[in-house]
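Those protein sequence lines, which keep their order, are chains C and Z. Here the numbering used here is used: the first residue of the first sequence is 1, the next is one more, and so on. Here the numbering used here is used: the first residue of the second sequence is 376, the next is one more, and so on.
There could be a bad hint or two in this list.
Chain Z is nowhere near these chain C residues, computed Cβ spacing over 10 angstroms in every case [to be verified]: (1) 45; (2) 46; (3) 47; (4) 48; (5) 113; (6) 152; (7) 293; (8) 307.
Here are the simulated EDC-like pairs of lysine to aspartate or glutamate, each with C-alpha atoms no more than 16 angstroms apart in a straight line [what the hints assert, rightly or not]: (9) 43/C with 664/Z; (10) 155/C with 265/C; (11) 43/C with 419/Z; (12) 160/C with 203/C; (13) 710/Z with 664/Z; (14) 26/C with 295/C; (15) 43/C with 644/Z; (16) 160/C with 265/C; (17) 530/Z with 419/Z.
Calculated directly from the structure, the hints in this document are not laboratory data. Computed from a predicted structure; not experimentally measured. Glycine included, each C-beta is placed from N, C-alpha and C at the ideal position.
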Amino acid sequence: MKYLTEFRDGEVAQRIAREIRQITTKPWKIMEVCGGQTHSIIKNGIDQMLPPGLEMVHGPGCPVCVTPLELIDKALAIASQPGVMFCSFGDMLRVPGTECDLFQVKGRGGDVRVVYSPLDAVDLAVKNPDKQVVFFGVGFETTAPANAMSVHVAKRRGLKNFSMLVSHVLVPPAIEAIMSSPGNQVQAFLAAGHVCSVMGYWEYPPIADKYEIPIVVTGFEPLDLLDGIRRAVLQLEHGEHRVENAYERIVTYAGNLPAQKLLAEVFEITDRAWRGIGVIPRSGWRLSPAYRDFDAEERFQLSNIRTVESPLCRAGDVLRGVIKPAQCSAFGKECSPRHPLGATMVSSEGACAAYFNYGRFISADQLASAGAARA
Amino acid sequence: MPENLELDAVPGVPDFSGWSCPLPLADYPNIVMGHGGGGRLGNELVEHLFLPAFRNAALENLGDAAVLDLGAGRIAMSTDSFVVQPLFFPGGSIGALAVNGTVNDLAVSGAVPKFLTAGFILEEGFPLSQLAAIVQEMASSAAAAGVQIVTGDTKVVERGHGDGCYINTAGVGVLREGISVGPHRAQPGDAILVSGTLGDHGMAIMSVREGLEFESQIRSDCAALNGLIANVLDVCGQAVHAMRDPTRGGLASTLNEIAQASDVGMMIDEPSLPVRPEVQSACELLGFDPVYVANEGKVVFFVAPEAAGDVLAILRAHPLGRDAARIGTVTAEHKRMLVARTAMGANRVISIQIGEQLPRIC
Chain C
1 MKYLTEFRDG
11 EVAQRIAREI
21 RQITTKPWKI
31 MEVCGGQTHS
41 IIKNGIDQML
51 PPGLEMVHGP
61 GCPVCVTPLE
71 LIDKALAIAS
81 QPGVMFCSFG
91 DMLRVPGTEC
101 DLFQVKGRGG
111 DVRVVYSPLD
121 AVDLAVKNPD
131 KQVVFFGVGF
141 ETTAPANAMS
151 VHVAKRRGLK
161 NFSMLVSHVL
171 VPPAIEAIMS
181 SPGNQVQAFL
191 AAGHVCSVMG
201 YWEYPPIADK
211 YEIPIVVTGF
221 EPLDLLDGIR
231 RAVLQLEHGE
241 HRVENAYERI
251 VTYAGNLPAQ
261 KLLAEVFEIT
271 DRAWRGIGVI
281 PRSGWRLSPA
291 YRDFDAEERF
301 QLSNIRTVES
311 PLCRAGDVLR
321 GVIKPAQCSA
331 FGKECSPRHP
341 LGATMVSSEG
351 ACAAYFNYGR
361 FISADQLASA
371 GAARA
Chain Z
376 MPENLELDAV
386 PGVPDFSGWS
396 CPLPLADYPN
406 IVMGHGGGGR
416 LGNELVEHLF
426 LPAFRNAALE
436 NLGDAAVLDL
446 GAGRIAMSTD
456 SFVVQPLFFP
466 GGSIGALAVN
476 GTVNDLAVSG
486 AVPKFLTAGF
496 ILEEGFPLSQ
506 LAAIVQEMAS
516 SAAAAGVQIV
526 TGDTKVVERG
536 HGDGCYINTA
546 GVGVLREGIS
556 VGPHRAQPGD
566 AILVSGTLGD
576 HGMAIMSVRE
586 GLEFESQIRS
596 DCAALNGLIA
606 NVLDVCGQAV
616 HAMRDPTRGG
626 LASTLNEIAQ
636 ASDVGMMIDE
646 PSLPVRPEVQ
656 SACELLGFDP
666 VYVANEGKVV
676 FFVAPEAAGD
686 VLAILRAHPL
696 GRDAARIGTV
706 TAEHKRMLVA
716 RTAMGANRVI
726 SIQIGEQLPR
736 IC
């Protein structure tokens, strides 16, 4: 279990947390961009190790959360068609569209399958020539290389029955959208380590300069996160705004060049809608003209599906740190984890879902005092 | 209670190559609709397969109902259906699960399991050799658990309408005198003990389904717990307030359910949770949390704190309880909630999952 235990050492974690408490003199708001980081922060209780006033804002980096309602509806429409084998990563199955989710489509007879790799979907297409195999290609730069590879392989093998419903999104434009939005409160970013393992971090220095914000490339284990937070606080306290790499064992400045080359070939930049935020210009990828034949939106002619997000939802304000989830008028009423209106209520780590699940039962003080009764 | 609960009795994946079936396989190597029709084929199944495997006096009467003598006192009754895929997996099979699952539900209710029923729903075309292997696993599991399978039923559904083989078992047991356990009886101050490592069954199934390979194979913990539980109740019966086997939904669901039923809080110490390294690795790979993963041979005890040491010693002396651990305490604070002290020294709330645990994108 090397590479796990050494980055989960409780004593070292306490030492870094103490250092963070010592160096923090003012309240700061730091956003971790990635949903995987949010998951780790909540799972390990890292948010409770931080001094009062140092707040982690959970960013829009969960692909499950930010995939727009309209695209979920398109996925549901494709998966409902006879002769279609619809393949997806597991956690997309539970994300509700306007009327139902993929689980319910499966229950009604749709052929919906969980795959671990998009290449598994290509294999299914080879083995089932009489079926149209569609892969739900969602995610950030992290999942993009494998998704691009699957289309690349499908084209090379001349597969006519494989296509991808693409909803790829990009981190740097999201950071810019948050920083340039009115009332933004975020003062520093933890960039997502796995995104940077693919893309490097050459895209970030211009953003750090333009908005005068510290950006720290950060990993996912507890000690990685605490070190990323510590470095961000140090910069904030010293009035600095640099890009730092706190994930050097994985991430290089240039990133994975063969992967970037493949991405540039298979995808092209496009505007993308983000659930609960709206359209962010040039914030995603779609298939490039050379691969457009594999676009499920074209193959299944879904342009008539137009879905409007709920006007009640203020997920965008929550993501920018402008309001707390409970300050939204729909919170716990029209919007709950079973019937989420926006991104932040969809995933269990979304800020609104976390408040709903935990906050309604227990205050932070109670949670802290529960430690006295520990085993 | 049976003393023959050795780990060796936990069934592995059978080797079909050496299997000889008592049925005239040459005629019908696979299940046909007639096997569920109540005619000669159905009778042959009973006489050549079920009777020889499960043989006992109550079953041999072949009446419309088994007539049983349970003696005086209260009885416990439970039923469960089994639809696992694959049907055979490292450390167990649907047959072993069907017997042990119902035995365990009775045992954690404070009952001594006595008799089971077995209902089979078979898909047309299902290989008879596999059915025979499943029945054999049920017979050996029942023998190991000291229970008898006294009545049963077989139905056949058309090809494509089933998944090979489904099994339902129901069971009755006699409640032990002087024992009062129940999900509503956990009390603040109780020690929370678990009889062994978490997540073995769920990850054994997942790794077979997903073709994951590790240095050491993950085996299901599928086992009957009545012997282990009897050892505890024989000596410390008064100190045990509640028991539950953390099957679907794992430890997290069990602790949340008991917290709600007893209107108490639960505090567990995450680093103290026993998890095998290979199970932890598989969970990391798939984005699962072992506290939510199913177990089929573990029991969680809520016991008076002064008896915790004794109960732990009894558990560890049993082959199914070698890795038993004290993992937490029932609290009067944060009622109806499960809070975990993480390895980082922070607290987190562990809630019940809405649906099944799904592999994460990132």
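Verification of the supplied hints:
With a closest Cβ-Cβ approach of about 3 angstroms to chain Z, residue 45/C is found to fall inside the 10 angstroms limit, against its non-interface label. Non-interface status of residue 46/C relative to chain Z is broken: a Cβ of that chain comes within 10 angstroms, the nearest being about 6 angstroms off. With a cut of 10 angstroms on Cβ distances, residue 47/C falls inside the contact zone with chain Z, its closest approach being about 8 angstroms. With a minimum CB-CB distance of about 4 angstroms to chain Z, residue 48/C fails to clear the 10 angstroms threshold, and the non-interface call is violated.
For residue 113/C, the shortest C-beta to C-beta distance to chain Z comes to about 12 angstroms, beyond the 10 angstroms cut-off, and the non-interface label holds. The non-interface label for residue 152/C is consistent with chain Z: the shortest C-beta to C-beta separation is roughly 20 angstroms, beyond 10 angstroms. No Cβ of chain Z comes within 10 angstroms of the Cβ of residue 293/C; the nearest lies about 25 angstroms off, and the non-interface call holds. Annotated as non-interface, residue 307/C keeps its C-beta farther than 10 angstroms from every C-beta of chain Z; the closest such distance is 21 angstroms.
Restraint check for residue 43/C and residue 664/Z: satisfied, since their Cα atoms lie roughly 9 angstroms apart, inside the 16 angstroms limit. With a CA separation close to 12 angstroms, the supplied pair residue 155/C and residue 265/C stays within the 16 angstroms bound. Taking the CA atoms of residue 43/C and residue 419/Z, the gap is near 56 angstroms; set against the 16 angstroms cutoff, the hint is violated. Between the alpha carbons of residue 160/C and residue 203/C the distance comes to roughly 36 angstroms, so the proposed pair goes past 16 angstroms and is violated.
Distance check on the hinted pair: residue 710/Z and residue 664/Z sit about 23 angstroms apart at the alpha-carbon level, beyond 16 angstroms; violated. Only pairs whose Cα atoms come within 16 angstroms are accepted, and residue 26/C paired with residue 295/C is rejected, the gap being roughly 49 angstroms. Between residue 43/C and residue 644/Z, the direct Cα distance comes to roughly 13 angstroms. Compliance with the 16 angstroms bound is thereby established for this hinted pair. At most 16 angstroms may separate the alpha-carbon atoms for a hinted pair to count; residue 160/C and residue 265/C exceed this at roughly 20 angstroms.
The hinted pair formed by residue 530/Z and residue 419/Z meets the criterion: a straight-line CA distance of about 14 angstroms does not exceed 16 angstroms.
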